[in-house]
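Using the sequences provided together with the hints, build the complete structure.
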Amino acid sequence: MAELFATLSPQDWQAIRLTLKLCLYTTVILLLLGTPLAWWLSLSDSKLRTAIQAIVALPLVLPPTVLGFYLLLLLGPHGAVGSTLEQLGFNHLAFSFSGILIGSVVYSLPFTVQPLMDSFRRMGPRPLEVAATLGACKLDQLFSVVLPLCRGGFIIAATLTFAHTLGEFGVILMLGGSIPGETQVLSVLIYDHTEAMNYAQAQQLSLGLLVSAFVVLFIVYGLNRRNQREAVL
Amino acid sequence: MSLFQITARQGKHWLAVTEQNCPRQTTTGLTLKLTMQRGDFCLQIDNCLPLRGVTALFGRSGCGKTTLLRAIAGLDRHTGAEVQCGATIWQQDGRFVPVHQRRIGMVFQESSLLAHLTVEQNLLYGFKRLAKHAAIQLKPEQVIQMLELTPLLQQVPSQLSGGQRQRVALGRALLSQPQLLLLDEPLASLDQQSRCEILPFLQSIACQTGIPMLLVSHQLDDVVKLADNLVLMQDGRIHSQGPLQQQLLQPQLAAIGAMSMLDAKSHGCNNHLLKLSIGQQQLQLPAPQHCDSANYSPTSYRLRIQARDVALSLTPLNDSSVSNQLQVSISGFNSAPHPAETLVQLTLEGQPLQALLTKHSVERLGLQVGQQVYAQIKAVALD
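These protein sequence lines map, in sequence, to chains S and C.
Counted the way full-length UniProt numbering counts, the first sequence spans residues 1 to 233.
Counted the way full-length UniProt numbering counts, the second sequence spans residues 1 to 383.
Any given hint could be a false lead.
In silico lysine-lysine, PhoX-like type, Cα no more than 25 Å apart, as pairs [said to hold, decoys possible]:
no. : chain 1 : residue 1 : chain 2 : residue 2
1   : C       : K359      : S       : K138
2   : C       : K139      : C       : K128
3   : C       : K359      : C       : K378
4   : S       : K138      : C       : K132
5   : C       : K378      : C       : K275
Okay, the calculated beta carbon distance ranges per label pair [to be verified]:
no. : chain 1 : residue 1 : chain 2 : residue 2 : range
6   : S       : V61       : C       : Q159      : 55 to 65 Å
7   : C       : T28       : S       : L60       : 52 to 62 Å
8   : C       : P98       : S       : P36       : 16 to 26 Å
9   : C       : P98       : S       : V28       : 43 to 53 Å
10  : C       : C207      : S       : V216      : 37 to 47 Å
11  : S       : P36       : C       : I89       : 24 to 34 Å
12  : S       : V28       : C       : R77       : 44 to 54 Å
13  : S       : P148      : C       : K139      : 22 to 32 Å
If you are wondering where the hints come from, they were derived from the structure by calculation, not from laboratory data.
Even for Gly, the Cβ is constructed at its ideal location relative to N, Cα and C.
See the structure below:
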């Protein structure tokens with residue numbers, strides 16, 4: 001194993017660091033955005049909910065290239081967001097880390113929202129009603145009831161989001177290209193290595209991703225099993 | 001026993017028994033005004049309930065009992081509703097005091113313990129959140145002792161039986177120092193054994209703490225064991241309310257199984273028989289197990305007597321196995337659910353008693369209002 005890593009080039013290491021940074025940022029941002037969204041989705045029964053739920057699930061069915069294409073149009077120099085940013089004196093977001101971060105957030109959204117929504121639904125409104133009758137305000141309820149009771153859901157949401165971002169390829173290639181240190185993440189680098197016939201290097205990185213993805217999923221399913229047992233009790 | 005009157009709206013009195021007025025700006029009652037339409041169901045409440053002792057909200061499933069209780073707690077917000085508990089306004093016009101600021105304790109139908117906390121942490125959840133200057137009437141030690149929770153403190157809810165969970169939920173609600181305790185069918189999800197486990201605790205809490213309780217139930221048995229006042233709900237309205245003894249005479253309850261409740265004084269046990277008196281008259285019943293003559297203290301008992309367990313005779317029977325024979329006077333006749341039967345209303349030392357007889361028997365004996373007769377009581381449930 002040590003020999004394997006010894007042959008990683010500085011470019012490989014840069015891609016690994018960039019990938020981990022992207023995964024971490026995406027997970028943190030999605031937990032902050034996804035929690036209120038999942039909460040609303042688990043409670044509301046309006047027609048709007050169905051629409052929002054469908055939009056949240058879109059990245060699951062769309063080819064990443066479609067998503068990447070529209071994001072490129074939107075965030076690029078001629079897009080609504082990109083051009084506005086340029087007018088304000090900033091850079092547009094295509095082919096930048098911020099750009100692929102936004103892409104990742106959109107792409108992994110269902111992987112945060114779905115497990116959170118499931119665990120909020122499983123908890124039901126009763127524990128919160130109980131807490132309210134015992135004098136806990138909304139914020140207090142979040143920390144003393146929701147977070148501990150849905151801890152499993154949060155862990156699963158975080159790991160899945162992290163793992164899914166790790167495996168992201170199409171959106172990043174469309175939106176970010178392959179700029180070392182900026183948008184060249186592992187999956188893109190593996191593609192570049194393969195294109196350049198560097199099969200040995202592609203193999204190393206692929207195997208690394210394969211093993212880490214398996215470990216992450218193993219942890220998630222283990223937690224899921226424990227969670228279900230707790231729910232039965 | 002508290003007597004009260006429904007505030008007369010549209011000039012209509014629903015109940016004749018009155019002693020104390022409960023006007024709109026009362027400081028002793030729970031004033032409610034609530035109109036709600038959901039599909040075919042319409043809830044229309046404009047009443048004042050007593051804030052003393054145990055008040056049972058009784059009615060069929062789906063008559064709006066739980067909806068009313070949730071509105072009182074503030075768990076559901078209905079526009080235009082008014083809720084005033086004593087002098088405290090909880091909801092009126094645009095004003096709405098959120099649940100966590102209302103001083104209520106609530107026990108839900110099914111287990112509602114917070115699964116991630118131990119019994120002790122559950123008990124203290126509300127207590128810890130009391131305002132610093134809040135008056136503490138019930139201390140944790142007191143409640144733990146009263147509900148016999150000491151051996152459970154370090155356990156988690158999943159280790160407890162249904163009855164134990166409800167006991168913890170009750171203790172937790174009490175420790176939040178409520179000015180009103182709301183019980184939403186707290187016994188409904190329990191088996192018979194667990195019910196018997198928790199009922200005595202509910203009874204002792206009612207008399208020891210003096211916290212007014214509102215008990216939602218569709219089990220008449222539980223209501224008769226616990227309640228001082230009975231509020232009869234029907235199709236989203238309060239049909240009638242009043243002291244339990246009087247309310248048991250309502251024809252709606254006869255359909256479920258007419259019964260009477262009598263208050264009796266105890267005079268101790270002898271040969272496993274418990275001696276009771278109602279006014280001047282005596283009764284003997286098989287003594288409950290905890291009653292032994294050595295450690296005897298006079299207490300009062302609540303007797304539940306099914307109307308079908310009461311027989312009448314014109315003269316005292318000396319050659320009958322029924323030994324509980326009481327002199328009563330007939331105060332009226334009501335129709336019974338079965339067309340061949342009649343409910344005979346009796347007065348026993350000022351307390352109402354009902355007997356279910358066939359119309360044939362009533363004619364054969366020539367029973368009339370005002371007549372003195374003898375009631376043979378075949379079975380009594382003691383509380």
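| request: Provide an ascending list of the numbers of those earlier hints which the structure does not satisfy. | output: 1, 6, 9, 10, 12
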